[in-house]
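Asks: Between the sequences and the hints, there should be enough to build the whole structure, so can you do that?
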Amino acid sequence: MAYSDKVIDHYSNPKNVGTLDKASKSVGTGLVGAPECGDVMRLQIEVDQATGVITDAKFKTFGCGSAIASSSLATEWLKGKTIDEAVKIDNMDLVEELNLPPVKIHCSVLAEDAIKAAINDFRSKNGLEELVFEQSHV
Amino acid sequence: MDPRVLEAMLPYFVENFGNAASRNHSFGWQAEEAVDYAREQIAQLIGADPKEIIITSGATEGDNLGIKGVFEMYASKGNHIITCTTEHKAVLDTCKHLEKLGAEVTYLEVQPDGLIDLKQLEAAMRPTTILVAIMYANNEIGVIQPVKEISAIAKKHGALFFTDAVQAVGKIPVDVNADGIDLMAFTAHKMYGPKGVGALYVRRKNPRVKVTAQLDGGGHERGMRSGTLNVPGIVGFGKACELARLEMASDTERISKLRDKLENALKQIDESYVNGNPAHRLPHVSNISFKYVEGEGLMMGFNKDIALSSGSACTSASLEPSYVLKALGLGDDLAHSSLRFGLGRYTTEEQIDFTIKAVTDTVLKLRDMSPLWEMFKDGVDIDAIQWAHH
Ligand SMILES: Cc1ncc(COP(=O)(O)O)c(C=O)c1O
Ligand code: FES
Numbered sequence: 141m142a143y144s145d146k147v148i149d150h151y152s153n154p155k156n157v158g159t160l161d162k163a164s165k166s167v168g169t170g171l172v173g174a175p176e177c178g179d180v181m182r183l184q185i186e187v188d189q190a191t192g193v194i195t196d197a198k199f200k201t202f203g204c205g206s207a208i209a210s211s212s213l214a215t216e217w218l219k220g221k222t223i224d225e226a227v228k229i230d231n232m233d234l235v236e237e238l239n240l241p242p243v244k245i246h247c248s249v250l251a252e253d254a255i256k257a258a259i260n261d262f263r264s265k266n267g268l269e270e271l272v273f274e275q276s277h278v
Numbered sequence: 074m075d076p077r078v079l080e081a082m083l084p085y086f087v088e089n090f091g092n093a094a095s096r097n098h099s100f101g102w103q104a105e106e107a108v109d110y111a112r113e114q115i116a117q118l119i120g121a122d123p124k125e126i127i128i129t130s131g132a133t134e135g136d137n138l139g140i141k142g143v144f145e146m147y148a149s150k151g152n153h154i155i156t157c158t159t160e161h162k163a164v165l166d167t168c169k170h171l172e173k174l175g176a177e178v179t180y181l182e183v184q185p186d187g188l189i190d191l192k193q194l195e196a197a198m199r200p201t202t203i204l205v206a207i208m209y210a211n212n213e214i215g216v217i218q219p220v221k222e223i224s225a226i227a228k229k230h231g232a233l234f235f236t237d238a239v240q241a242v243g244k245i246p247v248d249v250n251a252d253g254i255d256l257m258a259f260t261a262h263k264m265y266g267p268k269g270v271g272a273l274y275v276r277r278k279n280p281r282v283k284v285t286a287q288l289d290g291g292g293h294e295r296g297m298r299s300g301t302l303n304v305p306g307i308v309g310f311g312k313a314c315e316l317a318r319l320e321m322a323s324d325t326e327r328i329s330k331l332r333d334k335l336e337n338a339l340k341q342i343d344e345s346y347v348n349g350n351p352a353h354r355l356p357h358v359s360n361i362s363f364k365y366v367e368g369e370g371l372m373m374g375f376n377k378d379i380a381l382s383s384g385s386a387c388t389s390a391s392l393e394p395s396y397v398l399k400a401l402g403l404g405d406d407l408a409h410s411s412l413r414f415g416l417g418r419y420t421t422e423e424q425i426d427f428t429i430k431a432v433t434d435t436v437l438k439l440r441d442m443s444p445l446w447e448m449f450k451d452g453v454d455i456d457a458i459q460w461a462h463h
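From first to last, the protein sequence lines are chains Y and S. So the first sequence is numbered by my numbering: it starts at 141 and just counts up by one. So the second sequence is numbered by my numbering: it starts at 74 and just counts up by one.
Hints may contain errors.
What the hints assert, rightly or not - Okay, derived cross-link-like pairs now, EDC-like style, lysine to aspartate or glutamate, Cα gap no bigger than 16 Å in a straight line:
no.: 1; chain 1: Y; residue 1: Lys155; chain 2: S; residue 2: Asp405
no.: 2; chain 1: S; residue 1: Lys399; chain 2: Y; residue 2: Glu176
no.: 3; chain 1: Y; residue 1: Lys162; chain 2: S; residue 2: Glu447
No lab work stands behind these hints: they were computed from the structure. Note that this is a predicted model, so its numbers are computed, not measured.
Replies: Shown next as structure tokens:
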């Protein structure tokens with residue numbers, strides 16, 4: 141498997157690895173994937189309640205280099221965006237930016253799913269109804 | 074490939090090679106003599122007669138010819154074949170194919186250490202059993218099956234014994250007579266020889282075994298495998314066999330020390346587990362699970378100075394983790410977290426030291442990034458989580 145320089149860079153120097161307080165009302169946590177499938181991604185956002193802006197994002201990922209790079213890049217993109225902007229992040233944007241080959245597209249799907257799961261976790265904690273997403277393309 | 078093998082092969086790529094006065098006598102030979110000589114070298118490595126060596130294009134063909142050939146040849150005696158779940162796909166898929174043609178196949182499960190249970194084999198034998206096909210040593214975990222005992226059970230019940238010995242021949246002593254082997258597939262490229270050439274050993278005495286040809290044509294290889302021979306490939310295979318015979322003992326001593334050094338160091342990492350029976354194992358293979366780290370991500374962490382492969386689905390197009398590791402009873406998650414280390418004639422102590430450090434550092438780094446490791450450390454029961462499978 142040949143990795144793009146960007147994947148290698150995120151893998152070697154991942155951005156925003158870590159853990160936010162999952163009990164906090166301003167934190168949304170998305171945990172997706174499954175150990176049996178060889179990939180588990182946890183993505184967390186911290187949201188400024190007044191403005192809806194994502195002030196911090198962290199991830200931890202069990203998976204291949206492309207999965208690590210997808211989640212690392214996703215956290216970079218999330219910071220500074222509003223929740224409404226974050227919802228629009230599409231896995232194909234990650235694929236393009238990281239130059240992922242077709243067999244690695246599902247790693248980016250996982251990252252998109254993790255973003256959406258984190259947003260919904262935040263919404264439900266704050267009394268908002270969860271958004272319903274159509275199935276992203278694998 | 075060993076450079077000495079290439080050197081032996083080179084003259085045979087041109088039509089009118091060499092001359093009789095060449096200092097190295099084999100250079101002056103004609104193609105036919107060169108093949109005869111190689112056949113002797115091949116036979117000698119496994120204690121066989123040269124007439125018992127059928128040249129093939131590799132072990133995939135040898136597995137197919139050995140198993141399908143017996144099934145067809147001995148159809149009047151029965152249709153039952155016994156094999157096991159950790160065989161190479163070339164054996165498993167051949168058996169599946171034969172099931173469609175009326176074969177009954179028993180796939181023995183292996184024990185958690187990777188070895189088959191001889192009592193189960195005994196119990197599986199039927200009057201219609203014509204063939205027991207159990208590999209000599211496993212390619213992923215390196216465990217060596219009790220071949221002598223298996224062949225004795227097959228013999229007692231009047232069945233033939235076939236073994237895929239790709240991983241064993243050239244690495245450990247294999248003797249078709251002492252081991253009681255009736256048919257055996259092996260291949261050159263796993264013993265520093267060229268790709269695309271191998272052999273099927275077919276016993277000629279006690280008993281005399283026959284296989285139905287799977288490639289029909291000009292009747293080469295005593296009618297069992299037609300086709301013009303790949304002379305340079307066969308010469309290289311012969312040379313590789315000779316080198317293996319002469320250097321096996323010293324290679325094994327050196328390589329197994331390096332393997333043990335690697336394994337003992339990597340076992341020091343928390344939550345790492347060596348797969349396969351440690352006492353009955355090839356000297357050059359080690360398969361280790363590093364829990365909570367995914368294998369492909371792990372492999373990406375270092376230059377592959379030594380041969381490495383991952384049991385993880387992420388490396389394969391099928392997205393299924395290693396069926397061999399699963400057959401040992403490892404969960405999917407552990408199978409995804411495994412690496413196979415393959416050492417060889419050219420592995421140095423420096424490479425091993427480098428690998429130990431690189432693997433250790435990368436495992437620790439990836440665990441800091443692993444949500445599963447964090448859960449494990451926090452005492453969360455990972456199995457109890459409702460994962461969304463996709
Ligand atoms: C155990 C085993 N059997 C069969 C084969 C197939 O051999 P070949 O590549 O020569 O067809 C291999 C792999 O290389 C193997 O490891
Ligand atoms: S996580 Fe499985 S291929 Fe990327």
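Asks: For this structure, which hints from the list above don't hold up?
Replies: Number 1 - this is the single hint that the structure violates.
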